[in-house]
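Student: Start from the sequences, fold in the hints, and give me the full structure.
Chain order of the listed sequences is A and B.
First residue of the first sequence? That's 1 in the numbering used here, and the numbers climb one at a time after it.
First residue of the second sequence? That's 1001 in the numbering used here, and the numbers climb one at a time after it.
Since the hints were made in silico from the structure, they are not lab data.
Which chain B residues stay away from chain A? Per the calculated CB distances, all over 10 Å, these:
id, residue
1, Ser1077
2, Ser1078
3, Glu1171
Label pairs and their computed distance ranges (CB to CB):
id, chain 1, residue 1, chain 2, residue 2, range
4, B, Thr1182, A, Ala32, 25 to 33 Å
5, A, Arg37, B, Leu1198, 13 to 21 Å
6, A, Gly20, B, Pro1176, 21 to 29 Å
7, B, Glu1162, A, Gln86, 34 to 42 Å
8, B, Leu1177, A, Phe77, 38 to 46 Å
Note that the Cβ used here is the ideal one computed from N, Cα and C, for glycine as well.
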Amino acid sequence: MNSASGPHLSSDDFDAWMSGAPSAEARAHLVACPECRERAEAEREIVAMISALPLMSPAEGFADRVMQRVAVPDPFFLRSIARIRQRLLATRRTAVLAATLALVVVGSMAASIVWSLGHQQTLAAMGTWLMGQASQVGWIGIRGIASNLIEQPWYSPLRDSLAHPALLGAASAFAFLLYIGGIVALRRLLTVPTRQVAHAHG
Amino acid sequence: MASSPEWATLTDQQVVLLARGGREAAYRELIRRYERPVFALLFRMLRDRELAEDLSQETFVKALNAIDSYRPEFKFSSWIFKIANNAAIDHLRRRELDTLSLDGSPHAETPEAMQATALQIGARQESPLEAVEAKELGGAIESAIGRLRPEYRSCILLRHVEGRAYEEIAEILNLPLGTVKTYIHRARNELRLALAHLKE
Chain A
1 MNSASGPHLS
11 SDDFDAWMSG
21 APSAEARAHL
31 VACPECRERA
41 EAEREIVAMI
51 SALPLMSPAE
61 GFADRVMQRV
71 AVPDPFFLRS
81 IARIRQRLLA
91 TRRTAVLAAT
101 LALVVVGSMA
111 ASIVWSLGHQ
121 QTLAAMGTWL
131 MGQASQVGWI
141 GIRGIASNLI
151 EQPWYSPLRD
161 SLAHPALLGA
171 ASAFAFLLYI
181 GGIVALRRLL
191 TVPTRQVAHA
201 HG
Chain B
1001 MASSPEWATL
1011 TDQQVVLLAR
1021 GGREAAYREL
1031 IRRYERPVFA
1041 LLFRMLRDRE
1051 LAEDLSQETF
1061 VKALNAIDSY
1071 RPEFKFSSWI
1081 FKIANNAAID
1091 HLRRRELDTL
1101 SLDGSPHAET
1111 PEAMQATALQ
1121 IGARQESPLE
1131 AVEAKELGGA
1141 IESAIGRLRP
1151 EYRSCILLRH
1161 VEGRAYEEIA
1171 EILNLPLGTV
1181 KTYIHRARNE
1191 LRLALAHLKE
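Tutor: And the structure:
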């Protein structure tokens, strides 16, 4: 549509006029065209009314309600991951090394799984054979130890003395005390020192 | 980074980085920055305070739980407004809201519920006459915006209430720039016609 002063203003012209930067042609047209001037004023009023709409807030405690449902990541875990990643990717060499290691580990695991799935009978037979061998070796060992013990010169007197209930009780009590003493000594050795020692610094 | 940063000096992107590092205060800062604009957009889209509150909460929970998927080359505001707008449009599609009332939710069944869901205007000191006029004018514009098509409504609210640039609105609504401009101009025309009686 045109008026006596040229074509009417476009929407972009109205936008430019509202933002205070109309083109020279648009400004001249507005002076000459009452229709466009009226529309421009009306648009400005509408925009002013919309911009003046009141600010609104959600109810009190909104942030708390949101945070109850948000999973905040653990900073220590994230830092550890970041540190490991930083170290692995520090140089090209470490990155290649890490990638190779990962490939070897994942590759061998995958190959092992695939082979196991394809050779279940072989695996079962190997398991049975190994169990048989292990129990045979175990029995031979026990029998060897027992034969050795019986042949010792102190074996017969010891057996005779333990046949008496009072001596057996005394021997058990002694063994028990020895065991408790060992536990106490071990605990003292493993306790972490709580006080700092003078030579720990510097 | 300092142990307790000056939040006001940080950009949204920097706050997001801190949030990704497991800083709860950073999450709260993002909520503080956007709770009002997101809530206002949703309220004016849906015209129901309770529903707007629920969807605002959903918007933040969704955004903050997926903070790792946020791409810092885009504005955080665009991202959160996009999530909020999608939530509103989805809701409007599911449940057509054609009965609009400034006095409260159309779904409110008791006077208390209507009051609780009514639009709450800021407590600026006004004379009774001014208050009536402001309510009438504000009510008329709110009502006229509520009658616009949802797409026009999103565009006009983002442009003139939130002050977003055309390009950002196009990004938020996933629309071509030309379409956004057309929607905004059509929306302004419709509002002009709807409010013409106030000038008489």
